[in-house]
Amino acid sequence: QVQLVESGGGLVQAGGSLRLSCAASGSTFSFNSMGWYRQAPGKQREAVARISSDGAPTYYADSVKGRFIISRNNAKNTVYLQMNSLKDEDTAVYFCNYPFNLRPWGQGTQVTVSS
Numbered sequence: 150q151v152q153l154v155e156s157g158g159g160l161v162q163a164g165g166s167l168r169l170s171c172a173a174s175g176s177t178f179s180f181n182s183m184g185w186y187r188q189a190p191g192k193q194r195e196a197v198a199r200i201s202s203d204g205a206p207t208y209y210a211d212s213v214k215g216r217f218i219i220s221r222n223n224a225k226n227t228v229y230l231q232m233n234s235l236k237d238e239d240t241a242v243y244f245c246n247y248p249f250n251l252r253p254w255g256q257g258t259q260v261t262v263s264s
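Residue numbers for the sequence shown follow the numbering used here, so the first one is 150 and each next one is one higher.
No false leads were slipped in.
Pairs of lysine-lysine residues, derived as DSS-like cross-links and limited to a Cα-Cα distance of at most 27 Å, are as follows: (1) Lys214 - Lys192; (2) Lys214 - Lys236; (3) Lys192 - Lys236; (4) Lys214 - Lys225.
Restraint-style ranges between C-beta atoms, simulated for each label pair: (5) Glu238 - Ser176: 34 to 40 Å; (6) Ser179 - Lys236: 29 to 35 Å; (7) Ser263 - Ile218: 18 to 24 Å; (8) Arg216 - Gln259: 15 to 21 Å; (9) Phe180 - Lys236: 33 to 39 Å; (10) Asn233 - Lys192: 19 to 25 Å; (11) Thr261 - Ala172: 17 to 23 Å; (12) Lys236 - Gly175: 32 to 38 Å.
Hints are computed from structural coordinates only; laboratory data are not their basis. Beta carbons are placed, not taken as given, at the ideal position from N, Cα and C, and that holds for glycine.
Starting from the given sequences, assemble the full structure and let the hints guide the process.
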């Protein structure tokens, strides 16, 4: 069964940066699009960014455009999310998954932005 393990979250001041990583088990990673999602307290999970199998970003939520960058390393079965100019409203638990074939969600990684 595919496992998704997110890491890299933490506490950061507004305006700061973090880089999240998501390691995926299994042999199909390099053939599939990947996405980052987030869930803030009391809110539904939302899509943040998506990247094609060959590394082209295909979607950014309006709220993160120009600040977040999604990338991947197929040799390492890993997808990344570089988050810059962080705002209070970016505080959430961040998850990764296959957007067109959702797998069981991982534990996520907590990002807390303080002002």
